[in-house]
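Colleague: The primary structure of each chain is shown beneath.
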Amino acid sequence: MRGEFPVAERLYGVLLSLYPKEFRAAYGQAMRLTFRDACRAAYARNGAGGLLALWLPTLLDLFKSALEERARQGEIMLSKTRLIALAGPLTVGVGVLWVTASLGDLAFQTGLAQDEALLSLITLPFLFSFVPLLFALIGTRLRFHQAAGGLGRLGLAVSLAGCAGLIVSVPASLLLGGAAPEAAQGLWLNYAAVVCVLSIRIGYSLFGVDALRYRLLPRWNLLPLLVGATVVLSLPFEWFGVPALLPLPGVTPFLHFAVTGAGWVFLGIALMDPRPGSQPAAAL
Amino acid sequence: MSEVIQKLLPLTPTVFHMLLALADGEKHGYGIMQAVAEETQGQMQIRTGSLYGAIRRMLEAGLIEETNERPDPELDDERRRYYGLTDFGRRVLTAEAARIAQALAVIQAKHILRGV
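Here the protein sequences line up with chains Z and C, keeping their order.
Each residue of the first sequence is one higher than the one before, counting from 1 in the working numbering.
Each residue of the second sequence is one higher than the one before, counting from 1 in the working numbering.
None of these hints come from the bench; they were simulated from the model.
Even for Gly, the Cβ is constructed at its ideal location relative to N, Cα and C.
Among these hints, one or two may not hold up.
Said to hold, decoys possible - Cβ pair distances, simulated, as ranges: (1) R275(Z) - Q45(C): 34 to 42 Å; (2) Q41(C) - P89(Z): 41 to 49 Å; (3) Q109(Z) - P13(C): 50 to 58 Å; (4) Q109(Z) - E39(C): 53 to 61 Å; (5) Q6(C) - G28(Z): 16 to 24 Å; (6) P6(Z) - I100(C): 41 to 49 Å; (7) P274(Z) - T12(C): 46 to 54 Å; (8) R275(Z) - V4(C): 38 to 46 Å.
Stated by the list, open to error - As a list, the in silico SDA-like pairs of lysine to any residue whose alpha-carbon atoms are at most 20 Å apart: (9) K64(Z) - A54(C); (10) K64(Z) - M44(C); (11) K80(Z) - A147(Z); (12) K64(Z) - E66(C); (13) K64(Z) - T94(C); (14) K64(Z) - P13(C); (15) K80(Z) - P132(Z); (16) K80(Z) - S50(C); (17) K64(Z) - V14(Z); (18) K80(Z) - L60(Z); (19) K21(Z) - A54(C); (20) K21(Z) - R57(C); (21) K80(Z) - T12(C); (22) K64(Z) - T12(C); (23) K80(Z) - Q45(C).
As the list claims (entries may be wrong) - Only part of the chain C face toward chain Z is listed, based on derived beta-carbon distances under 7 Å: (24) G29; (25) Y30; (26) R47; (27) G49; (28) S50; (29) Y52; (30) D77; (31) R79; (32) R81; (33) A103.
Just chain Z, with the same shape it has in the complex (with noise of 0.2 Å):
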């Protein structure tokens, strides 16, 4: 096989741009020959499957460190103490959009607003939401990363990496897509995004899983669970021969973002509380 793989290097050279200006002049293109040497040692130990495998923590480490170069520069003024004080209002935040996404998808649904324009704009606070969310997520992470056990710290990474995978899915499946048939084209978008979004209830469940075994947070305990499974509630049940759960049409995905949106503000004003959640001895 080939020994280039510009895509991935394209996708990669994109994605430093989130480093400081200062920071990519000086490091960029010994980055991007790291990363491709990487990528070739890479797939010549386990092919496209070794390939695949780099991505996920090479993204991680570059959303981490991106953050380190720019609150180093000052351009963030974003401590640990501050990100995680941020967790609870972002948080918070992240709910009330699906709320509304939720309330005017239920209108479009329903007849009440017939107007194609309205469907773009319940999907921005849609899309939007996932940014604050990465920010909710990794402050989530610094607070509970001693606490949780190897489940809860596993759920958060990988809800952290679908988070980030779904900001950065669009520019990938622009640039992956240009490389697939023009009949396959569309589709990358929506696989890359359903794999995301089940990576960050994924990740909420197992989290979810801890904060019961571990009571992490002051109180609500069984909420992370909570917004982790209402992901069954998108699932599209037709295709497993199973009659829907509701018989009105556009109901189950109108209580799939309320019933998230809610879970994510009640979740929210949970973590708002600072004080640590009642630690059994058996979370030592």
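Using the hints, position chain C against chain Z.
Modeller: Positioned in the frame of chain Z, the structure of chain C alone reads:
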């Protein structure tokens, strides 16, 4: 000078293993990543972003320096940048190694590793 060195200790695992990787010669970024992975039996994998963040900090602290060595353009990419230990970096590495060796002596005296 030893006071300055003591202030830097203990080193973070990333910085320690990067200095260790450079102890036997200059390397480029990917070479450092590979050496660290090999020397830690894969237990430590430094990713590209963290690697260059650490390189920047180590350059600023005077632990490493960019060398003039460039690969033969026919054999490798001449845009690569190579890094090597400074004298100060080598002294810091020696001091950290001595600190770890001292801890290891205590570990052995207390038979912590028995049965492992």
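Colleague: Each hint: holds or not?
Modeller: Hints, one by one, checked against the model:
Taken as a hint, the range 34 to 42 Å holds for the pair R275(Z) and Q45(C), whose Cβ atoms sit roughly 36 Å apart. Checking the proposed 41 to 49 Å range against Q41(C) and P89(Z) shows it holds: the Cβ atoms sit about 43 Å from each other. Between Q109(Z) and P13(C) the beta carbons are some 53 Å apart, a value that agrees with the proposed interval 50 to 58 Å. Restraint check, Q109(Z) to E39(C): a C-beta distance of roughly 59 Å satisfies the suggested window 53 to 61 Å.
For Q6(C) and G28(Z), the hinted distance range of 16 to 24 Å is not satisfied, since their beta carbons lie about 35 Å from each other. The hinted range of 41 to 49 Å is satisfied by P6(Z) and I100(C), whose Cβ atoms lie roughly 43 Å apart. Between P274(Z) and T12(C), the C-beta spacing of about 28 Å breaks the proposed range 46 to 54 Å. Hint check: R275(Z) to V4(C), Cβ distance near 41 Å, so the stated range 38 to 46 Å holds.
The hinted pair formed by K64(Z) and A54(C) meets the criterion: a straight-line CA distance of about 13 Å does not exceed 20 Å. This hinted pair checks out: K64(Z) and M44(C) have alpha carbons roughly 17 Å apart, not beyond 20 Å. Distance restraint check for K80(Z) and A147(Z): the Cα-Cα separation of roughly 16 Å lies within the 20 Å cut-off, and the hinted pair is therefore satisfied. Distance check on the hinted pair: K64(Z) and E66(C) sit about 25 Å apart at the alpha-carbon level, beyond 20 Å; violated.
Proposed proximity of K64(Z) and T94(C) is contradicted: the alpha carbons are some 30 Å apart, above 20 Å. Under the criterion of a C-alpha separation no larger than 20 Å, the hint pairing K64(Z) with P13(C) is consistent with the structure, at around 17 Å. Only pairs whose Cα atoms come within 20 Å are accepted, and K80(Z) paired with P132(Z) is accepted, the gap being roughly 16 Å. Straight-line distance between C-alpha atoms of K80(Z) and S50(C) comes to about 17 Å, which keeps the hinted pair within the 20 Å bound.
As the CA atoms of K64(Z) and V14(Z) are separated by approximately 16 Å, the hinted pair is consistent with the 20 Å bound. Only pairs whose Cα atoms come within 20 Å are accepted, and K80(Z) paired with L60(Z) is accepted, the gap being roughly 17 Å. Under the criterion of a C-alpha separation no larger than 20 Å, the hint pairing K21(Z) with A54(C) is consistent with the structure, at around 17 Å. Proposed proximity of K21(Z) and R57(C) is supported: the alpha carbons are some 17 Å apart, at most 20 Å.
For the given pair, K80(Z) sits about 18 Å from T12(C) by alpha-carbon distance, which is consistent with the 20 Å threshold. For the given pair, K64(Z) sits about 17 Å from T12(C) by alpha-carbon distance, which is consistent with the 20 Å threshold. Under the criterion of a C-alpha separation no larger than 20 Å, the hint pairing K80(Z) with Q45(C) is inconsistent with the structure, at around 24 Å. Given the 7 Å rule on beta carbons, the hint for G29(C) holds: about 4 Å separates it from the nearest Cβ of chain Z.
The restraint placing Y30(C) at the interface with chain Z holds, with a minimum CB-CB distance near 4 Å, inside the 7 Å limit. Checking R47(C) against chain Z by beta carbon gives a least distance of about 4 Å; that is within 7 Å, so the hint holds. For G49(C), the shortest C-beta to C-beta distance to chain Z is roughly 3 Å, which falls under 7 Å, so the interface hint holds. Restraint check, S50(C) versus chain Z: the minimum CB separation of about 5 Å is within 7 Å; hint holds.
For Y52(C), the interface hint holds, the least distance from its beta-carbon to any beta-carbon of chain Z being 4 Å, beneath 7 Å. Restraint check, D77(C) versus chain Z: the minimum CB separation of about 6 Å is within 7 Å; hint holds. For R79(C), the suggested interface contact is upheld, since its CB lies about 6 Å from the closest CB of chain Z, less than 7 Å. Hint status for R81(C): holds, given a least beta-carbon distance of 5 Å to chain Z, under 7 Å.
For A103(C), the interface hint is violated, since its Cβ never comes within 7 Å of a Cβ in chain Z; the closest pair sits about 23 Å apart.
Of the numbered hints listed earlier, those contradicted by the structure are 5, 7, 12, 13, 23, 33.
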